[in-house]
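Here the structure of chain D is known, so what remains is to put chains F and S with the ligands in place on it, guided by the hints.
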Amino acid sequence: MHIPDGYLSPSTCAIAYASAAPFWYVAMQKVKRQLHTRFVPLISVFSAFSFVIMMFNLPLPGGTTGHATGVGLAAVVLGPWAGMLAISVALAIQAVFFGDGGITAIGANCFNIAIVGSLVASLVYRLVAGTSAMGSSRRLLAAGLAGYAGINAAALITAIEFGLQPMLFRDAAGTPLYAPYPLSIAIPAMMIGHLTFAGFAEFLVSAGVVSYLQRTDPTLLAREAPGAEVSLAAASLRKLWAGLALLMILTPLGLLAVGSAWGEWAPEDFANPETRREIASASQGQAPATAPAGLQRLSTIWTAPIPDYAPPILKSAAFGYVLSAMAGTGLIILFSLVAFRRRNV
Amino acid sequence: MALNVFELEQVSFAYRGVVALDKVSLSIPAGQRLALLGANGCGKSTLLRILDGLYFPDSGIVKYHGVPLTEHDFEHDAFAHSFRKRVGLVFQNPDVQLFCPTVFDEVAFGPLQLGWPKDRIKAMVAEALEYFEIAELKDRAPHRLSGGEKKRVALASVLIMDPEVILLDEPTAALDPRSQRQIVDLMKSWEDLGKTIITATHDLHLLDEIAGECVVMDKGRIAGRGSPAEVLADERLLLGANLILGR
Amino acid sequence: MSEGLHHLVHRRKGFLDRTLAELAHVLDRSFSAELLSTSSGLLQGIDPRVKLAGAGILILTAAASRSLWLLAAVFVVTVTLAFASHLKVRELLTLWISVLLFSGVIALPALFLTPGQPLGWGVTKQGLQAATFLLARVLATSTVGSVLVSTTPWNHLLRAMRAFRLPVVAVVLIGMTYRYIFLFIQTTMDMLEGRQSRLAGELPAKERRAMALATVGVLMSKAFELSSDIHLAMQSRGYRGEVHALDESPLRVRDWAILSILAVGSGVALWR
Ligand SMILES: Nc1ncnc2c1ncn2[C@@H]1O[C@H](COP(=O)(O)OP(=O)(O)OP(=O)(O)O)[C@@H](O)[C@H]1O
Ligand SMILES: [Mg+2]
Numbered sequence: 001m002h003i004p005d006g007y008l009s010p011s012t013c014a015i016a017y018a019s020a021a022p023f024w025y026v027a028m029q030k031v032k033r034q035l036h037t038r039f040v041p042l043i044s045v046f047s048a049f050s051f052v053i054m055m056f057n058l059p060l061p062g063g064t065t066g067h068a069t070g071v072g073l074a075a076v077v078l079g080p081w082a083g084m085l086a087i088s089v090a091l092a093i094q095a096v097f098f099g100d101g102g103i104t105a106i107g108a109n110c111f112n113i114a115i116v117g118s119l120v121a122s123l124v125y126r127l128v129a130g131t132s133a134m135g136s137s138r139r140l141l142a143a144g145l146a147g148y149a150g151i152n153a154a155a156l157i158t159a160i161e162f163g164l165q166p167m168l169f170r171d172a173a174g175t176p177l178y179a180p181y182p183l184s185i186a187i188p189a190m191m192i193g194h195l196t197f198a199g200f201a202e203f204l205v206s207a208g209v210v211s212y213l214q215r216t217d218p219t220l221l222a223r224e225a226p227g228a229e230v231s232l233a234a235a236s237l238r239k240l241w242a243g244l245a246l247l248m249i250l251t252p253l254g255l256l257a258v259g260s261a262w263g264e265w266a267p268e269d270f271a272n273p274e275t276r277r278e279i280a281s282a283s284q285g286q287a288p289a290t291a292p293a294g295l296q297r298l299s300t301i302w303t304a305p306i307p308d309y310a311p312p313i314l315k316s317a318a319f320g321y322v323l324s325a326m327a328g329t330g331l332i333i334l335f336s337l338v339a340f341r342r343r344n345v
Numbered sequence: 001m002a003l004n005v006f007e008l009e010q011v012s013f014a015y016r017g018v019v020a021l022d023k024v025s026l027s028i029p030a031g032q033r034l035a036l037l038g039a040n041g042c043g044k045s046t047l048l049r050i051l052d053g054l055y056f057p058d059s060g061i062v063k064y065h066g067v068p069l070t071e072h073d074f075e076h077d078a079f080a081h082s083f084r085k086r087v088g089l090v091f092q093n094p095d096v097q098l099f100c101p102t103v104f105d106e107v108a109f110g111p112l113q114l115g116w117p118k119d120r121i122k123a124m125v126a127e128a129l130e131y132f133e134i135a136e137l138k139d140r141a142p143h144r145l146s147g148g149e150k151k152r153v154a155l156a157s158v159l160i161m162d163p164e165v166i167l168l169d170e171p172t173a174a175l176d177p178r179s180q181r182q183i184v185d186l187m188k189s190w191e192d193l194g195k196t197i198i199t200a201t202h203d204l205h206l207l208d209e210i211a212g213e214c215v216v217m218d219k220g221r222i223a224g225r226g227s228p229a230e231v232l233a234d235e236r237l238l239l240g241a242n243l244i245l246g247r
Numbered sequence: 001m002s003e004g005l006h007h008l009v010h011r012r013k014g015f016l017d018r019t020l021a022e023l024a025h026v027l028d029r030s031f032s033a034e035l036l037s038t039s040s041g042l043l044q045g046i047d048p049r050v051k052l053a054g055a056g057i058l059i060l061t062a063a064a065s066r067s068l069w070l071l072a073a074v075f076v077v078t079v080t081l082a083f084a085s086h087l088k089v090r091e092l093l094t095l096w097i098s099v100l101l102f103s104g105v106i107a108l109p110a111l112f113l114t115p116g117q118p119l120g121w122g123v124t125k126q127g128l129q130a131a132t133f134l135l136a137r138v139l140a141t142s143t144v145g146s147v148l149v150s151t152t153p154w155n156h157l158l159r160a161m162r163a164f165r166l167p168v169v170a171v172v173l174i175g176m177t178y179r180y181i182f183l184f185i186q187t188t189m190d191m192l193e194g195r196q197s198r199l200a201g202e203l204p205a206k207e208r209r210a211m212a213l214a215t216v217g218v219l220m221s222k223a224f225e226l227s228s229d230i231h232l233a234m235q236s237r238g239y240r241g242e243v244h245a246l247d248e249s250p251l252r253v254r255d256w257a258i259l260s261i262l263a264v265g266s267g268v269a270l271w272r
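Residue numbers (our numbering), protein chains in the order written: chain D, 1 to 345; chain F, 1 to 247; chain S, 1 to 272.
Hints in this document: simulated from the structure, not taken from any laboratory.
Quick caveat, the model's predicted, so the values are computed rather than measured.
Positions of the beta carbon are idealized from the N, C-alpha and C atoms, including for glycine.
Take the hints with a grain of salt, since some may be wrong.
Stated by the list, open to error - Away from chain S, derived, C-beta distances all over 10 Å, residues of chain D:
hint: 1; residue: P22
hint: 2; residue: Q34
hint: 3; residue: V128
hint: 4; residue: G130
hint: 5; residue: M134
hint: 6; residue: G135
hint: 7; residue: S137
hint: 8; residue: I160
hint: 9; residue: M167
hint: 10; residue: L168
hint: 11; residue: I192
hint: 12; residue: G193
hint: 13; residue: L195
hint: 14; residue: T196
hint: 15; residue: F197
hint: 16; residue: L337
Claimed, not checked - List of simulated lysine to any residue pairs, SDA-like, C-alpha gap at most 25 Å:
hint: 17; chain 1: F; residue 1: K85; chain 2: S; residue 2: A245
hint: 18; chain 1: F; residue 1: K122; chain 2: S; residue 2: L246
hint: 19; chain 1: F; residue 1: K118; chain 2: S; residue 2: V243
hint: 20; chain 1: F; residue 1: K118; chain 2: S; residue 2: E242
hint: 21; chain 1: F; residue 1: K188; chain 2: F; residue 2: G148
hint: 22; chain 1: S; residue 1: K222; chain 2: F; residue 2: G41
hint: 23; chain 1: F; residue 1: K138; chain 2: S; residue 2: V243
hint: 24; chain 1: S; residue 1: K222; chain 2: D; residue 2: Q214
hint: 25; chain 1: F; residue 1: K122; chain 2: S; residue 2: M161
hint: 26; chain 1: F; residue 1: K138; chain 2: S; residue 2: S85
hint: 27; chain 1: F; residue 1: K118; chain 2: S; residue 2: D247
hint: 28; chain 1: F; residue 1: K118; chain 2: S; residue 2: E248
hint: 29; chain 1: F; residue 1: K219; chain 2: F; residue 2: D58
hint: 30; chain 1: F; residue 1: K138; chain 2: S; residue 2: T38
hint: 31; chain 1: S; residue 1: K222; chain 2: D; residue 2: H36
hint: 32; chain 1: F; residue 1: K138; chain 2: S; residue 2: L35
hint: 33; chain 1: S; residue 1: K206; chain 2: S; residue 2: D17
hint: 34; chain 1: D; residue 1: K32; chain 2: S; residue 2: E242
hint: 35; chain 1: F; residue 1: K122; chain 2: S; residue 2: V243
hint: 36; chain 1: D; residue 1: K32; chain 2: F; residue 2: F56
hint: 37; chain 1: F; residue 1: K118; chain 2: S; residue 2: G241
hint: 38; chain 1: S; residue 1: K125; chain 2: S; residue 2: P115
hint: 39; chain 1: F; residue 1: K219; chain 2: F; residue 2: V18
hint: 40; chain 1: F; residue 1: K85; chain 2: F; residue 2: Y64
The following block holds chain D by itself, in its conformation from the complex (with noise of 0.2 Å):
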């Protein structure tokens, strides 16, 4: 699940940097002004909780064991913004410090994980858990799935930054020059794992610990649980819909769905009759007869506007692709705001 170095190209990474730098802007201002002097006591402290819990074996059934990045847990104690800054710094100590996972990829496996993992699984927490009482089991349950749909959420972008790879970085011979795999084999592999037992493993412990919680310190709980009395107003029902409508474009079982990925194809592969069949049937029997310009846009869109006498650098993909996850980290962020607005940390 770490990615180390190597897996991903240094632009990638980059973008991944540069996609996870507003996030932990705006929980470092959120954070401080909810904890004020507790911040930085409180934030490493369960980092280096969140460290450990990470080496922990867990017995799975069947036998086998397995780890728990502690995501799920963190949002559903800490909420999404100070559990994201408390498993980034654990995860950069791993890299750092420990060599588990790259020194590159610190940004990519921060976002995946800390950021992305954190905002799925308070979402979910917060979607399933509702309004019920501190130590009901739809507390439990809801615990559980936030860290399921937490883990699993980070495994697919995981995996997509990974099918991306061979598409978008490849020498003359047509070599991948880093991760190998395209979306069909990338997605698939990676969420085999996470929808079994790495999720199973983040579910545990995150049910485990909240129903452990639940018997001898809830107070604990309190602070990502609002009052019971609250109704489900027509304002949550919306934020309930949003959530939704994310959860469906995060969730690897849609992708799974469809047979070949869709996303993966590159544009040589519409020249291909066999090829087409498959994605026709995928998309329903309208296959373009040519690469969808979309495709091949894409990569121009961002050049559009900008004039014939601007650096080669704005008018690159690479840009373009720097642009449209600009965008996207904004877009999350605004949606974060938005839905974690009332209680936050």
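Below, chains F and S with the ligands without anything else, positioned relative to chain D:
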């Protein structure tokens, strides 16, 4: 009549319903070496934290140099800095007291937070490390220190600010006799500096060395007060406070 | 009693032992790195900021390289520096084997799955090259990282990060987290070892799980308690929410020279 550094009037404090201090009234004259005696859970640590301006009483008044101490006062940098400089607390648990990555950072933490000139801090830290005989440990991480070393680092990290009131929470607990002796000798050497030293302890055998006066606590209340000799002779008081075992 | 002992000896490696082994490994690793980084050697004598930036340049070069020769060069330079700094061969070998095993499993199918010029047995030329690239890159970068942390005391590395404009608060968070990782490892080991010795035989899976989760729960309660006490200890020494840190002395000319040569060298190598 000596001026009082601290005066407590009817101070009560509870942790989420668990009463830790129950209407404690106490005055501590400047320059006194006071021992807080009491069994586990009688409220010694809580009292020290109240004196250090970390907790504030649920009811009652704490006066520092005759002026009531409130949470509100600490919102102002000037007051907070001057109080933190003048009153220092060494926590019972070294894992709480030592939160910095290395010994050097630990000792430099206080002066840095108080905004002292940075060029002076390095020299001051070096001096403090020398005084506490921990100079060779300066790059060590806290988890690589022995219990005695941890205690000396903890003392150095507080005493570098040269506080006028030193609050010590069980400074000799869980130390071997040699390390205990080191700490006691250090404490005795501060006697002539006119500092107010308030020590929470169970170590009755060290009492007359570290304190001129003792307060015995029992279940959040003051059970008795007197010189070490008086308190040690009062078997009924010590029995009642669970400081010795009945035969 | 003897029956309990019997069970203990014959118990197959359960989650307790594995977790304990992993925790012990982290302690070991940090301890041996601490020993080596404070001993004498070529890299040990270099300013940590130079080492950090140098390692960054080497890792970036390896990550950006489109030539196996350049990857080999980075690898050879790093290994030479490692030997000049008395790094143990065994340690490097352990690293390489674990890296090759992990990435090897991932790279292997690429031999067959990558479309391109067939070489026989279903292997394609592009597949072979892609797998080689992946392994070479992972090997080179992980060696650089490992040599950096083994020859630099971690607190110096932390201070070096501050020199490169990492915000003070990030450095403080990392430093404090690192410090408490060891406390939690110790606490966890004590807890697990206590349970290990108390357990006579193998528990059913469900109970083992419950035990692991209870351990995590206890740890978490401790974490919160600890963090509020640390907060008080910080406040007691004047902490008001902003962390202040000492400034670093400026880099020497020699240090700048080393870095410039490295940067220019890797720039030229990448350009070609
Ligand atoms: N954080 C806390 N939350 C709840 N209760 C607490 C907390 N800290 C202390 N207490 C309770 O308050 C009472 C007084 O505790 P305190 O730590 O002041 O005792 P003490 O005299 O220092 O004990 P010891 O000798 O064990 O250090 C005890 O009953 C303890 O259980
Ligand atoms: Mg105490």
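Does S:P115 sit within 25 Å of S:K125, going by the straight-line distance between their CA atoms? Between S:K125 and S:P115 the Cα gap is close to 9 Å, so the pair holds against 25 Å.
Separation of D:G130 from chain S, once the least beta-carbon distance is taken, above 10 Å: holds, 24 Å
Given hint S:D247 paired with F:K118 - CA-CA distance at most 25 Å: holds, 8 Å
Say whether it holds or is violated: D:M134 keeps its Cβ farther than 10 Å from all Cβ of chain S. holds, 15 Å
Least C-beta distance between D:T196 and chain S, which was stated to exceed 10 Å: holds, 16 Å
Is it true that the CA of F:K188 sits at most 25 Å from the CA of F:G148? With a Cα-Cα distance of about 17 Å, the restraint between F:K188 and F:G148 holds, given a limit of 25 Å.
Over 10 Å from every CB of chain S: does D:S137 meet that, or does the non-interface label fail? Per Cβ check, D:S137 is outside 10 Å of chain S; nearest 16 Å; holds.
Non-interface claim for D:F197: all C-beta distances to chain S beyond 10 Å? About 14 Å separates D:F197 from the closest Cβ of chain S, which puts it past 10 Å; holds.
D:I192 clear of chain S by more than 10 Å, beta carbon to beta carbon? The claim stands: D:I192 keeps its Cβ more than 10 Å from every Cβ of chain S (closest is about 14 Å).
For a C-alpha distance cap of 25 Å, please report whether F:K118 and S:E242 respect it. holds, 16 Å
Below or equal to 25 Å on CA atoms is what counts here, so check F:K138 against S:S85. Holds, at about 23 Å.
Verdict on D:L168 as a residue remote from chain S, using beta-carbon distances over 10 Å: D:L168 clear of chain S: closest Cβ-Cβ about 13 Å, beyond 10 Å.
Checked against the numbered hints given earlier, the structure satisfies every one of them.
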